Amino acid sequence: MTSQGIILSGLDGDRTWRLADYVKRGGYDALKKIIAEKIPADQIISEVKKSALRGRGGAGFPTGLKWSFMPRAFPGAKYIACNSDEGEPGTFKDRDILRYNPHSVIEGMVIAGYAMGCERGYNYIHGEIFEVYERFEEALQEAREAGLLGNNILGSDFSFDLFAHHGYGAYICGEETALLESIEGKKGQPRFKPPFPASFGLYGKPTTINNTETFASIPYIIREGGDAFLALGKPNNGGTKLFSVSGHVNKPGNYEIPLGTPFSTLLEMAGGVRGGRKLKAVIPGGSSAPVLPASVMMDCTMDYDSISKGGSMLGSGAVIVMDETTCMVKALERLSYFYFEESCGQCTPCREGTGWLYRVVHRIENGLGRPDDLDLLNSVTANIMGRTICALGDAASMPVQSFVKHFGDEFAFHIEHKKCLVPKDVQHEGSKIYVA
Amino acid sequence: MLSPESLKKIDREIAKYPPDQKQSASMGALRIAQEEKGWLASETIEFVAEYLGMPAIAVYEVASFYNMYDLAPVGAKKISVCTNLPCALSGGVHAADYIKKKLGIDFNETTADGQFTLKEGECMGACGDAPVLLVNNHRMCSWMTEEKIDQLLADLKK
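Sequence order for the protein chains is H and Z. To convert, note that position 65 of the first sequence is 65 in the working numbering; the numbers rise steadily by one, no gaps. Throughout, the working numbering is defined as the position within the second sequence, counted from one, plus 436.
Okay, chain H solo, but in the shape it has when bound (with noise of 0.2 Å):
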């Protein structure tokens, strides 16, 4: 873990996740500043506005105009949703924030709820991460005793309150909606938009939802100002942003640098290519953003501007690395496994066309491929793509496209030849244990 930014610096790992050492760390501050100077909510909106926070979820969408959407005046429940479903492969930034600051997440959320008047909020996290939900729980009972949370917080007359929901083995339930019906005690399957949550969404009632590093950058922009934040990266990407570096690099893990700084940067913290050997692709924002060549990948820097110009996706900031002994057959194989495994079965398009991609890919991959395979591939996702409920069916497809359309030589060479270009010796080589 290493930190230029706002969320993870001055942490000391599992020593200082408590509320005494948040509070030293000047946290809370931000709460106790719009209680006592009663800043109006609008104010806190246009604040994150100016910010350029855009959700740090995957999507990028701008959380000030996102609170904006809330019917403030509506009368009766709305809901605050946190959503820590950390499933996608390559994420794992939720994770550490809220084992080591999840205090910054809970005073997020606490605004959250003053700025869009709401009294309620849940935090659903990964079912993986028992630990570190406990941890959480530990954290809100910890605000609940300081009068952080509950009625009338720091004695002024709003009153928010404050729950974890375990997950427990779904990567569909990082899609919102599907979040949704999870708390509600439902099987996770995303419900069709409009309505949007914002009107119609926990338990029928207006909700708001954010992912959890978009809520741990609230505090730092309401202590120090939207302008301030957004001066930490560059125009329209306000701010720093984590990155979870995993894959063939010397040193895997989260990096919190300002949004803007060269990929070759962050490859350079994170140790460089594994062994000095040479990079072949990166995956730059979770497996569901098109795989870029090395050579793409070199020249963007990191933020959703550049990523998206060289045709891909920031997505959740989780940078996959692959070098030379990488097979991108058997590398798509496995994403489209997961797709397939993953999917909720809701939609026909995703149901059967995640097991055709992943059958398919298999079966290239193992020596069976067909001379037309490649084009069965791009018209099965074409028949994918804009026709679900939700985006999981294009988050199994952009794989496919993006591997089949960089890496297309070593596909045909699979199908051609019945064999790997990368051979197997290698390719069993570069991905042995490795623990930096």
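Hints are not guaranteed to be accurate.
Here are the simulated DMTMM-like pairs of lysine to aspartate or glutamate, each with C-alpha atoms no more than 25 Å apart in a straight line [claimed, not checked]:
#1 K536/Z x E583/Z
#2 K473/Z x E558/Z
#3 K193/H x E497/Z
#4 K445/Z x D161/H
#5 K187/H x E472/Z
The set of hints was computed from the structure by calculation and includes no laboratory data. Please read these numbers as outputs of a predicted model, since none were measured by experiment.
Based on the hints, put chain Z in the right spot on chain H.
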């Protein structure tokens, strides 16, 4: 059907949701029930349903949708190894192969003595710690080299 301790934990889950939304606690209740029973038999699911005032089928839908619930008996220790791409690039598959060899079982199999079940896991959101595995859903083990796997299996056998 469930111990008083488990029921107390379930009550804490129920209290997190609005009074008329008890069904929201079904996921937590099933987790707590599974922790006590080891897996979720139909009777356990029915009990949870009754406790929450839900139709049994609605709770069964939840139990069968999320993959950390076990609807069939598993070994005393269930080990799930992540083999997804980021982990695979750093030895996830090698770690799984090593465990298979040591335990003499494949994925989705249980050792003859009922001690261990091995599962292939999907992304656990800890790719920087690869190879990663989970013991009984809740304990995450990071950077699992062969030596650490040896040590873990020896500890779990005790």
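Proposed proximity, E583/Z with K536/Z (alpha carbon, max 25 Å): Distance of about 15 Å is within 25 Å: holds.
Holds or violated: K187/H to E472/Z, with C-alpha atoms at most 25 Å apart: 23 Å, holds
Take a quick look at whether K193/H and E497/Z sit within 25 Å of each other, Cα to Cα. Answer holds: K193/H to E497/Z is near 23 Å, not above 25 Å.
Between the alpha carbons of K445/Z and D161/H, is the straight-line distance 25 Å or under? Measuring from Cα to Cα gives roughly 19 Å; hence the hint holds.
Hey, K473/Z versus E558/Z, does the alpha-carbon distance stay inside 25 Å? 24 Å, holds
Against the hints set out earlier in the document, no violation occurs for any number.
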